[in-house]
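One line per chain: the protein sequences are A and B, in this order. Residue 130, in my numbering, is where the first sequence stops; the numbers in between run on with no holes. Residue 130, in my numbering, is where the second sequence stops; the numbers in between run on with no holes.
Misleading hints may appear alongside valid ones.
[Said to hold, decoys possible] Below, simulated SDA-like cross-link-like pairs (lysine to any residue); rule was C-alpha separation at most 25 angstroms, straight line:
hint	chain 1	residue 1	chain 2	residue 2
1	B	K126	A	G41
2	A	K125	B	K67
3	A	K75	B	I127
4	B	K75	A	R124
[Claimed, not checked] Pairwise CB distance ranges (calculated):
hint	chain 1	residue 1	chain 2	residue 2	range
5	A	V90	B	P66	39 to 45 angstroms
6	A	R63	B	T101	42 to 48 angstroms
7	B	K71	A	T82	27 to 33 angstroms
8	A	T103	B	D79	49 to 55 angstroms
9	B	K126	A	L128	51 to 57 angstroms
10	A	I127	B	L128	36 to 42 angstroms
11	A	Q94	B	K78	55 to 61 angstroms
[What the hints assert, rightly or not] Stretches of chain A that chain B covers, calculated by requiring three or more beta carbons in the stretch to come under 8 angstroms of a beta carbon on chain B:
hint	segment
12	48 to 54
13	107 to 117
Note that these hints are calculated values from the structure, not bench results. Ideal placement from N, C-alpha and C gives every residue a C-beta, glycine not left out.
2 protein chains.
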Amino acid sequence: MQMKTEELTIDCGRPETESSSHTDCHKVIMPVRDALDVISGKWKLPIIIAVSRGHKRFRDIERSIPKITSKVLSKELKDLETHKLVKRTVYDTQPVTVEYTLTPYAATLDSVIIALQKWGIQHRKKILGK
Amino acid sequence: MQMKTEELTIDCGRPETESSSHTDCHKVIMPVRDALDVISGKWKLPIIIAVSRGHKRFRDIERSIPKITSKVLSKELKDLETHKLVKRTVYDTQPVTVEYTLTPYAATLDSVIIALQKWGIQHRKKILGK
DNA sequence: TAAAGCACTTACCTTAGGGAAACTGGTTAC
DNA sequence: GTAACCAGTTTCCCTAAGGTAAGTGCTTTA
Chain A
1 MQMKTEELTI DCGRPETESS SHTDCHKVIM PVRDALDVIS GKWKLPIIIA
51 VSRGHKRFRD IERSIPKITS KVLSKELKDL ETHKLVKRTV YDTQPVTVEY
101 TLTPYAATLD SVIIALQKWG IQHRKKILGK
Chain B
1 MQMKTEELTI DCGRPETESS SHTDCHKVIM PVRDALDVIS GKWKLPIIIA
51 VSRGHKRFRD IERSIPKITS KVLSKELKDL ETHKLVKRTV YDTQPVTVEY
101 TLTPYAATLD SVIIALQKWG IQHRKKILGK
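Could you put the whole structure together from the sequences, leaning on the hints where they help?
Put into structure tokens, the structure is as follows:
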């Protein structure tokens, strides 16, 4: 049905060829699940967006994301750090200053975020009357 | 820091202008959260991929997605139906044949899926030695 | 010297997501 | 006539995610 030719195609041709279709399917499903394992959940992308937007300090990030709590933010920042998407830097000031920044690797998520943002915008338009 | 100029930009300029930065930030976070509300979770995108790949029947979809159970598939298909992403058609055969197909609206998710697939592929390469 | 800010942590509790397994009510193939 | 397939449903259970609220140790501001 739908066939979009960008660099990677959602290989949906040959719908009725039974033999190798499952394996083909896995080639799309598996990477998507790998990606979802890292970035799914309610907060990870919002945090990445906030940090990319220039919010570096803990309280600053907290204020920039509606409804997030410090407990959740703390935990999610640790997760993002272990996934090498966020870097935590402690400056030896009085009192200590902590800054969160995105790693260069996090920039590779740009296309994902942009795709989701675009889809979210049009989806909201669609469901709340056009 | 990172600035990618596609149609929509992750507006991350002016990092230290305090006044309007939160509102700007929300303009990205909100649509992304709207999108995540619909498609996040472990199974929705895999199901959409499987159906787009030509798997129309319940058992066929079930077999094409590793580790999914019939209970979860049943529930997620209902969710996708209410979000107008999947259409369920019952054919009055003996016994009844049920077919799931994507709506045209689901095709709008292609760019999201492609972005996630690409990211997942390179992420796996990155973490499992290059 | 009290209040408020920073960067968190801890304790407690609720809910949602999801796994395992069995079961239903029908039909077809052997 | 029994095994297997289809399209699910039901029950029971468990864990992870996440909300609420308070506290900690430090410092700056009024």
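Comparing the hints with the structure gives:
{"no.": "1", "hint": "K126/B x G41/A", "verdict": "22 angstroms, holds"}
{"no.": "2", "hint": "K125/A x K67/B", "verdict": "35 angstroms, violated"}
{"no.": "3", "hint": "K75/A x I127/B", "verdict": "21 angstroms, holds"}
{"no.": "4", "hint": "K75/B x R124/A", "verdict": "23 angstroms, holds"}
{"no.": "5", "hint": "V90/A x P66/B: 39 to 45 angstroms", "verdict": "42 angstroms, holds"}
{"no.": "6", "hint": "R63/A x T101/B: 42 to 48 angstroms", "verdict": "45 angstroms, holds"}
{"no.": "7", "hint": "K71/B x T82/A: 27 to 33 angstroms", "verdict": "32 angstroms, holds"}
{"no.": "8", "hint": "T103/A x D79/B: 49 to 55 angstroms", "verdict": "34 angstroms, violated"}
{"no.": "9", "hint": "K126/B x L128/A: 51 to 57 angstroms", "verdict": "39 angstroms, violated"}
{"no.": "10", "hint": "I127/A x L128/B: 36 to 42 angstroms", "verdict": "39 angstroms, holds"}
{"no.": "11", "hint": "Q94/A x K78/B: 55 to 61 angstroms", "verdict": "57 angstroms, holds"}
{"no.": "12", "hint": "48 to 54", "verdict": "holds (count 5)"}
{"no.": "13", "hint": "107 to 117", "verdict": "holds (count 11)"}
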